[in-house]
Amino acid sequence: MGFFDVLTGRRKLKQPAPTDRVFAMSTAAVTLQLELELTTAGKAGIVFQPLATADFEGIVRDMEEVVRGTGEETGTRVSSEDDAFGYRWLVLSDPDVEDLVVGINACSTALEAGGYGDRILCAVFAFSDAKGGKVYWIYNYKRGAFYPFVPAKGSQQRDNERELRLKAQIGSELPVEAEFERWFPLWGIPI
Amino acid sequence: MARPTSFGRDTGLQVRMTLTMFLLGLLYVGFVVTMIAVGVNALLIVLIAGGLAAFQLFGSDNLALRAMGARTVEPHEAPEFHAMIERLCIQADLPKPKVAIANTRMPNAFAIGRSPKNATVCATTGIIDLLSPAELEGVMAHELTHVQNRDVLVMTLASFFATIAAYIMQFGLFFGGGGSGDDDDGPSVLVLFAVSFVVYVVSFVLMQALSRYREFSADRGAALMTGRPSALASALVKISGGMQRIPAKDLRAQGELAAFYIFPPGAGKKLGSFFSTHPPMEKRIAALERLEGQLQGR
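Protein chains in written order, with this note's numbering: chain X, 1 to 191; chain R, 1 to 298.
Careful, some of the hints might be misleading.
Computed, partial: chain X to chain R, Cβ under 7 Å [to be verified]:
{"#": "1", "residue": "Val-6"}
{"#": "2", "residue": "Leu-13"}
{"#": "3", "residue": "Leu-121"}
{"#": "4", "residue": "Gln-156"}
{"#": "5", "residue": "Glu-181"}
{"#": "6", "residue": "Trp-187"}
Beta-carbon label-pair distances, calculated as ranges [to be verified]:
{"#": "7", "chain 1": "R", "residue 1": "Gly-25", "chain 2": "X", "residue 2": "Val-30", "range": "55 to 65 Å"}
{"#": "8", "chain 1": "X", "residue 1": "Gly-58", "chain 2": "R", "residue 2": "Gly-12", "range": "30 to 40 Å"}
{"#": "9", "chain 1": "X", "residue 1": "Gln-33", "chain 2": "R", "residue 2": "Arg-290", "range": "48 to 58 Å"}
{"#": "10", "chain 1": "R", "residue 1": "Arg-290", "chain 2": "X", "residue 2": "Glu-65", "range": "26 to 36 Å"}
{"#": "11", "chain 1": "R", "residue 1": "Arg-290", "chain 2": "X", "residue 2": "Arg-77", "range": "39 to 49 Å"}
{"#": "12", "chain 1": "X", "residue 1": "Glu-81", "chain 2": "R", "residue 2": "Glu-289", "range": "47 to 57 Å"}
{"#": "13", "chain 1": "R", "residue 1": "Val-15", "chain 2": "X", "residue 2": "Ala-54", "range": "26 to 36 Å"}
{"#": "14", "chain 1": "X", "residue 1": "Asp-55", "chain 2": "R", "residue 2": "Ala-53", "range": "42 to 52 Å"}
{"#": "15", "chain 1": "X", "residue 1": "Asp-83", "chain 2": "R", "residue 2": "His-76", "range": "17 to 27 Å"}
I should point out that these hints are in silico values taken from the structure, not numbers from a laboratory. Glycine included, each C-beta is placed from N, C-alpha and C at the ideal position.
Next up, chain X with everything else stripped away, as it sits in the complex:
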């Protein structure tokens, strides 16, 4: 945002970063499984703001249709739900991470094509460790970067140590968000 934009208070929502970065997850998932013993939970979700405009629900329906259509070949299942904060989740279930990534990308592409790309917050990929604990990798569309999110026991606690370790372990295989103050938690992830 430029100096003049600050002066005149001009505001535009940031559009999603080029989406090819989300595909880094399909190769990183192999490393996660082989070296870190994090297996996919078979689920991924994309979260966006539903708008109350006439064409928005239609675009969302079309998007779900597209993913369902391709899902018939790959076996991906789709469901959607609204969370307590008024955001819409589209949850994909598929044991194959690569299919999940393709499905998530199809969703974001459909929203962008409909002109609502700036309403997408994140995509979330769920993994579970050897003890059955949940580990999430969150892809922030505005920043075009991943960050780990590990909820801990207790209400709204997160395991920062584990998250930092994950960042070090994954190395350069994923584009990881460099600014820690942008590792926003997402509570109540429905996957």
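Starting from the known structure of chain X, arrange chain R on it as the hints suggest.
Positioned in the frame of chain X, the structure of chain R alone reads:
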């Protein structure tokens, strides 16, 4: 093939805001030239005012919070409020500001801090109780837009020379007397005094206008961020009702903070709109209705 969108565009507002700032700049250049021409310790005055402005920008955040009776809260103390702000920050691509809550029944919210990395957003317990989640989200998006637009910094800089003019009016004779010691010092001090007076009055009106324009653009930014202009509009209606019902004695004392409130204390009174920091409620709601129209009718 994203569709062309007019949502959130308001060229007229940007033109008016630029014009106001241009006039302020022009006024201040004239003021500085006069100070140099008169040559009475202008440097000293600028240094003092600069120091005060720097203190205001760099040191006064905690003071302002304490004056409001607000304290920063950790995520586990107000989990839903934090989560709401976190999601707005993702959407607006902002680093997360500090989050504070003031324990007062008066419904209000404000943002302070010179830059997005040093910002604090605050809501009162009154506003959290009064508004529905979507309305509160609109209000906090308004405050986050203030943060993103760096309104504290812009207004502090815009008021810099006005502050100097005010000092000169108060201490003009004192500073003038310490000048070169020439005998013909007298008339130049009078000129400086008169110019300061004019600068003070004109810049006051211009700055109030600027503040109103920045309120409009914060409303617009909030509507863009949440995609729900009408939620903010209904929040404004609820808050203005609440503001008139509940007396505002504590907060009214904090005059210089008023510009950053979502809704200024005491705004229920019939003030000349020319002299107020916030636009009238009806105009803000009308602007939000236009935004909702742009959103729906694209």
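Here is how each hint holds up against the structure:
no. : hint                             : in the structure
1   : Val-6                            : 5 Å, holds
2   : Leu-13                           : 5 Å, holds
3   : Leu-121                          : 5 Å, holds
4   : Gln-156                          : 5 Å, holds
5   : Glu-181                          : 5 Å, holds
6   : Trp-187                          : 5 Å, holds
7   : R/Gly-25 - X/Val-30: 55 to 65 Å  : 59 Å, holds
8   : X/Gly-58 - R/Gly-12: 30 to 40 Å  : 32 Å, holds
9   : X/Gln-33 - R/Arg-290: 48 to 58 Å : 52 Å, holds
10  : R/Arg-290 - X/Glu-65: 26 to 36 Å : 34 Å, holds
11  : R/Arg-290 - X/Arg-77: 39 to 49 Å : 42 Å, holds
12  : X/Glu-81 - R/Glu-289: 47 to 57 Å : 31 Å, violated
13  : R/Val-15 - X/Ala-54: 26 to 36 Å  : 31 Å, holds
14  : X/Asp-55 - R/Ala-53: 42 to 52 Å  : 48 Å, holds
15  : X/Asp-83 - R/His-76: 17 to 27 Å  : 19 Å, holds
Of the numbered hints stated above, the single one contradicted by the structure is hint 12.
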